[in-house]
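Novice: One-letter residues, chain by chain:
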Amino acid sequence: MSKLEAQGYRWLPLKEAFDSLPEIDTAEFNELCPGYEGVWCRYLWTTTYFQQFFHDVVVVTHGPLSCTAAVKNFKQTHYSLHSALPFAHSPCTNMDENAVIMGGTDILADTLKRVDREYRPKLIIVTDTCASYMIHDDVDAVIANLGAEVEAKVVYTPSPGFAGVQCGKAVEAMGPLVAALMDPPKDIDQQGVNVLGVYYDTRFTEAEGRKHGGNTEAYAHLIEGLGLKVHRIMNAGGYDYLRTTPEARVNTIHTAMWGYPVARAMEEQFGTPWLKRQLPMGLQGTKDWVMELAIFMGREEEAERFTKAEEEKLLSLFEETKKLVEGKVLLVECSRNSQAKYGEMLAYARLGEELGMQPYVYSLHPMEFKSQIDDLIAVNEVEGMNPPVLIGPYPYHQPVNVEDVMADLGVNEDQCLYIYDDVFPYAKSGSFDPCNVPRYTTSSQMKRVKGSSFLGVGYAGTGATYRGIIESVKAARRKSKPTFYGRVWSSTPFEFQFAQRKERAST
Amino acid sequence: MMDVVSTAAETKMRDQFQPGAFIGTILTTSGILDTVNVYHGVSGCHAMAQHLRGDHVPNGGYVPVVGTGFLENDAIMGGAKKLEQTLRLVAQGKLAVKAPPQCIWISMSDCPAVGGEDIEGVARGVTAETGVKIIAVENAGFKGGVARGTELTLCKILDEFVEPYDGEREGINLIAPFLMGSANWPFDIDHMVEMLKAAGVKVNLVLSRNLSLADVKRFPMAAANVPLTYEEMPDFVKRSDALGVPTLTDGLVLPYGIGNSEEWLLRLADEYGDGKKARAYLLSEMDEIKKVVARNFNFSWMASFLSDKYAAVCGYAPFAAALTRYLFHDLNIRVKVVGLWSETEAGVQRATEILDPLGDSLDFTVLANPTYFELGEAVKNANVDFVVGSMQDKPLFKGYGIPHLNLCGFYYFNNYNFIPWPLAGVKGSLRLFSEVCRVVDDAFYESEAWKKLNFVPGDGRI
Chain A
1 MSKLEAQGYR WLPLKEAFDS LPEIDTAEFN ELCPGYEGVW CRYLWTTTYF QQFFHDVVVV
61 THGPLSCTAA VKNFKQTHYS LHSALPFAHS PCTNMDENAV IMGGTDILAD TLKRVDREYR
121 PKLIIVTDTC ASYMIHDDVD AVIANLGAEV EAKVVYTPSP GFAGVQCGKA VEAMGPLVAA
181 LMDPPKDIDQ QGVNVLGVYY DTRFTEAEGR KHGGNTEAYA HLIEGLGLKV HRIMNAGGYD
241 YLRTTPEARV NTIHTAMWGY PVARAMEEQF GTPWLKRQLP MGLQGTKDWV MELAIFMGRE
301 EEAERFTKAE EEKLLSLFEE TKKLVEGKVL LVECSRNSQA KYGEMLAYAR LGEELGMQPY
361 VYSLHPMEFK SQIDDLIAVN EVEGMNPPVL IGPYPYHQPV NVEDVMADLG VNEDQCLYIY
421 DDVFPYAKSG SFDPCNVPRY TTSSQMKRVK GSSFLGVGYA GTGATYRGII ESVKAARRKS
481 KPTFYGRVWS STPFEFQFAQ RKERAST
Chain B
508 MMDVVSTAAE TKMRDQFQPG AFIGTILTTS GILDTVNVYH GVSGCHAMAQ HLRGDHVPNG
568 GYVPVVGTGF LENDAIMGGA KKLEQTLRLV AQGKLAVKAP PQCIWISMSD CPAVGGEDIE
628 GVARGVTAET GVKIIAVENA GFKGGVARGT ELTLCKILDE FVEPYDGERE GINLIAPFLM
688 GSANWPFDID HMVEMLKAAG VKVNLVLSRN LSLADVKRFP MAAANVPLTY EEMPDFVKRS
748 DALGVPTLTD GLVLPYGIGN SEEWLLRLAD EYGDGKKARA YLLSEMDEIK KVVARNFNFS
808 WMASFLSDKY AAVCGYAPFA AALTRYLFHD LNIRVKVVGL WSETEAGVQR ATEILDPLGD
868 SLDFTVLANP TYFELGEAVK NANVDFVVGS MQDKPLFKGY GIPHLNLCGF YYFNNYNFIP
928 WPLAGVKGSL RLFSEVCRVV DDAFYESEAW KKLNFVPGDG RI
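Heads up: the sequence lines are chains A and B, in that order.
Here our numbering is used: the first residue of the first sequence is 1, the next is one more, and so on.
Here our numbering is used: the first residue of the second sequence is 508, the next is one more, and so on.
In isolation and in its complexed conformation, chain B is listed as follows (with noise of 0.2 Å):
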């Protein structure tokens, strides 16, 4: 039985990880390589711009955040003179990038948003001096939280950027892969291109990811958007719709494990590609893995011993239920808590919708947007061996005494994702597993008792 607990729908506190709508156009636009961002507010944000613009480096690009060095003194006096002294001088290539860029994103911290800072009127007037387009978007932190200013930025790209289209339509644009809440979703979302190429699906657009200001231009092309969230965007929607490339807003399950890749692929390769490349393309992948692990009794071991384990699993709505169904699924673990974070209600309907199903062969609860505190505590009295989370909630968890893998989140911090080797598909399920043995140890290896066991020389004589 699936039982769903939301404390949440009864007060406006929360208490989860959930990084504000400027976070959401810099993780867009940072996969745009062209086109620089330029930060106007406070530093604390600014810093979070930072270091989560780094996601899209591993096998992607660079495209610098740069602050315009917004203080106190701006927050009374404005600070607009700021903004268009640092628009200028990346619009002539002397700051942070070495010739013009295709563009130039503005966004803006919450203090300059509530002084009423006019950064469409100052972005027009760089534009019109210097001929580079600079697109400002109003997302403060308190406009909503990564996904809606993902939805914002998406919006002001194809008012800006993308022609009506009348010819021909083919393939998918997959959208916002860095909402999946995989904390390798650089090196998942490449694979899932090469998985859905593979199938004969065409991917038009990831929007986005190793793009230039060009490439977003080919967006009417596709026949369909396929979002890598749950979260509901209605405003992407009705213009995609009316650019005629309609939206999959029912949730599809993320292609994490074996039993999900097969689902994910075949759906999306039936629909927009062709099915029997795409059951091929699965029997060589698995043919690849039985290569490491057929017969391998160190496999053997370790499959054994993870059967009838006891997991929770804590994270953005699509990871966190796939990876629910691929632990259950696949290596036979009992999930007994799920947290799933989301901005808007369907996010967690949509999960709750894909897990419901394992409520018949499955007793677990499900916290739709839970604070950090409930969280631990359901996990506490579940009684489980480990927990799947992010890197954020780890101290939280290991405080409980529960060992903890991160898989969740982003890429950025502290995640060992070095290896460009995906969690996603077919192939991804030899790094899943590698990784749930690892935090498997850490749940079994007697090392407490090792310590007190240990051989001290000379203990023991008279």
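The following block holds chain A by itself, in its conformation from the complex (with noise of 0.2 Å):
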């Protein structure tokens, strides 16, 4: 019996994985998996989602200063710094001890009306947090109240941290508030194609001043391609821009997760119809995305062009990639914090598959993984795919160790290639290490390539991930001289040690 095994886990095709899970939050999914509660919350999810994207609407927080901080700790900043969103204006009603216990709408009010004089934004969202929502305090009333004394158009849109699995649940009711946002078409652009579920990342292009963007540039040239034109990518821009999404003729998913609720909503109010292919990524699932518009559009014959074209000039390093990688196993780390977020790692996975190697997925949690049904729609029902996931406790939101993933296939660092996403890919000098384990950096989050998607789409994004694959097969034939993050958390961080492990190891 292997170790992981000993330990409760056990390999299931990614369907039947799914299936074999109790529903979330209750006390029988509490029992297997004990401790889960995620990273993020509704809240800041929501005050990411709308804020930043849209430069010109301010998020007002009905709640603490407290909740306020903890999305600038980390990923207002993060995503400004990285993601070239704007500086987020939070304002916040500061929300007290004694506001829990007597309410805190004069509050709300006499700040709405101070944002709508200082900040004049065209659009004021207010959200609530955990203690505002939990007492009750009236938000649809106050904004009704405040009548002509504020300018703005002001809307309410509920988010309780404590609302609904961070990653699945928070996200989906996200779907309906973002419409809601949005104005009834007055025409319908024919040749106009919008973009969902890009997260993380505005419209912007290197060409305008990006460092290092290409995602948009990625999807206007698949759309561009077949003679069709980019109408919006969502979420983004203004007030102005995201109103106006509506007059497209089709949304298109960059992920299932943020894309598919909006794309619900948006045809149930607005009737525009959509496509559920997301992420294109290898030289198949591009064409497949490509394909799926082109039909809808009535341009098979462009898309066949222009996808023959641009895999031609790819063809030959997709042949160099996979005669190095063609029969390893493919370890697809899903995130060893969160352990969230399967959709691009498993689009990362068909890109391998395309390659011939045999992808393994570990370390999704179980309740990110049955909150997230959306992505096993775009994955399962969609594409296709059915992969062996790793079922288990994950007591405590504790990853399973990449080595023990390897025992248990019984694979050498030789026969696999290692991706992972977000932060903390597993390295420990002298075993595990890119100097002699091939590892790829996948994560959306530290993927920067000049000239490149980050978030691997498309064409230039597919070339982009072959190059990175290739060099990082090569980097690690050096079997040696480790990486500094590596001998940082290994117990034998020198060379000299190695032997010493090994032959400590033997006996």
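Calculated from the structure, these hints are not laboratory results.
Each hint should be verified, as a subset may be incorrect.
Okay, derived cross-link-like pairs now, PhoX-like style, lysine-lysine, Cα gap no bigger than 25 Å in a straight line [unchecked claim]:
hint: 1; chain 1: B; residue 1: Lys605; chain 2: A; residue 2: Lys428
hint: 2; chain 1: A; residue 1: Lys211; chain 2: B; residue 2: Lys905
hint: 3; chain 1: B; residue 1: Lys934; chain 2: B; residue 2: Lys905
Every value quoted in this text rests on a predicted model; they were computed, and no experiment measured them.
Two chains, two frames, a set of hints: combine them into the complex.
Specialist: Written out as structure tokens, the structure reads:
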């Protein structure tokens, strides 16, 4: 019995794994996976999702100042620093114990008037927090009573932090809220295509001054390659850009988790049709995404010509990559901290399959997995993927050790490629380091490639990923001189220790 | 002339970076290394606790923060069972630690606090069962800011672990170093302790930094507390007074820059240590500085270049006040706008008292608890060359096209403070000077022109 098996882990095909899990946030689930709570919360997502992407919108937080600090401490600042989002002005009602007892609606009214007078935004969104939501402060009534005193449009989006599992249900709930900010279309641009579900990035291009964007360019390339026009890439821009989103003929999807809920709501409210394929990555994956759009728009011939020409440009790179990795196991580590966001990692798995690799998916927390039904639909129902997933307790968010995964699968350092999401890749000099195990950064947080999509999409993103994989495999050939990071995390930081370690292990 | 503007007095609305009370607990207890924090609440707040806990890691230690897995159903039905289970596992050394800790601290977010979760009751139950001391702090975000949370925790520590003491008292306790407002505070406080020791001042405790739980029992052996914050902490002061340890409540300028360091050290040395030793130490430290920069043309160039430039400073009151004085006194830089953040009125008052003498020789505006919007507009209108602030306000000022140096706030995040060298003290002047040089470069290097005038092979040929 392997170590993982002894700890209660087992490999199951994706769909079967999903079906095997009980309903989330139940006693049965908590028994299976104790201590799960996620990383962010609905309030955090709302304030980043709304406020930062739309530069002329101000979000007023009705709650304690600590809630805005929790957003600014990392997420808002990180999004500004690395994804070109504007600084988020975050006026807050600074709810204290007295307001929790007596209610804080007067302060909210005063705050809204001040924000309108001083900041002069086009749109004010009021978000509440755990405390204000739990005491049932009547935000709608405050807004209704503002009257002519406030010039901006004021919208309330309930967003208590405790509502929903942070990376699934909490995001789903935002779809209708985003659509509610849009206006019914006056005209439909028959060539216009939206891309929904791009989170973590603005629509600004490198030509407009971005240092490392490439994502907007990637989608523009695919859409314009068919002779069509990018209408909106959401969420981004300003209030006017957002409200006119329904004037496109069709919605396409970047990520299911972020895109599907908005697409559904737009279909319901405005009748905007939408296409279900997500994350155009890899030659086949990109072609499938393009063809789905082409078929809908009646552009099959253009699409065949376009994709053929683009594939020809990447063919030799594809072959070179395939030669290096075909037959290897692709270790798909969803995230060592949050264990979330598996849609993007599965897109890399799909790209790996095209190259002849066998993906194994682990550190996907069962709660996140079960709560992200849209990712399952996109990956399994739409694309037909069903790779093995490691299901087990992951108690208190503890990830499984990739070396244990390798032992469980019976593969050595030359038989695998390691990819990871988010921060904290596993590394220990002397056993597992980019110097001896190919490791490629697929984390949207960390991956920046000049002149290419850091989210890995489109032909430029695919090409950059192939190049990255080749370089990772080559880097792992040196089998010596581990990275600084790997040495810091290891009890054997120096190479003179490796031989002693091997000797100890063998005896 | 110093002009003090306080629109914050007119309204309760705020837009500033002020973590909640539970962060005060996390920052205090993370310096007591044989203990564990259990966090009971919603994940968004938990993430902030996890992040800021790391401030104690450089040359310090790792105190885990374990979440109980509080979810929506727990908000409705109560989450005591999860809290109990988590406490039990930690107390048995089966989760986060390999042996039972000396103490477990419980922090909570707004959600269980509004719901009336009986964390004290759960703590008592698990203590009775496991024998491990468990201290619950009612420190939800709406209870106040990080300073209030620090005070609540300090009070718990005094109530639960400190016995009355009748012996001889010597030296000082340094209180709440993380509230200074320096993004380099872990290395700064370590150096401040070195400075004090060199000046014959016994540092009885740094509450908290690199302590064991047993260490906190020494608290009443000090002659006084020296808070490293300007915030008012009346509950703590009252308890400490009762234990016979008075607290210095006047605003003592923090030792950033040479002028401030001299003032800080001599004041404490003359009162609690050996003034002669302190003066000798300052001279020897200055000799070390001179070894690096005296007759150094590179230094003279930059010191001359910095002179007469215009700056703004924005941060927690003690550090922002000290930096303002440093920039003006030590570098001859005109600070035009100072944004002071403080949870209590006393914090702003003490900082403005420290800054007031500058008004005779410098015209500047102090904004008391400004919103980021007010701060940004004031800085833009003052037309300064650069701003010293925190990482969180970098995008604001860079958005105005103003170079920005992040020295304020907390150690986390994206501050590149990996070299264990202080900003504080005479020694720290070398690092402060280097940092200011970098931002002044950013302000004055003609990098945009370089791009436009860059040589392009073949360009201009017919």
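Novice: Does each hint fit the structure? Answer for all of them.
Specialist: We went through each hint and held it up to the structure:
Straight-line distance between C-alpha atoms of lysine 605 of chain B and lysine 428 of chain A comes to about 21 Å, which keeps the hinted pair within the 25 Å bound. Distance hint between lysine 211 of chain A and lysine 905 of chain B is fulfilled; the C-alpha atoms sit about 15 Å from each other, no more than 25 Å. A hinted pair counts as satisfied when its Cα atoms are at most 25 Å apart, and lysine 934 of chain B with lysine 905 of chain B does not qualify at roughly 30 Å.
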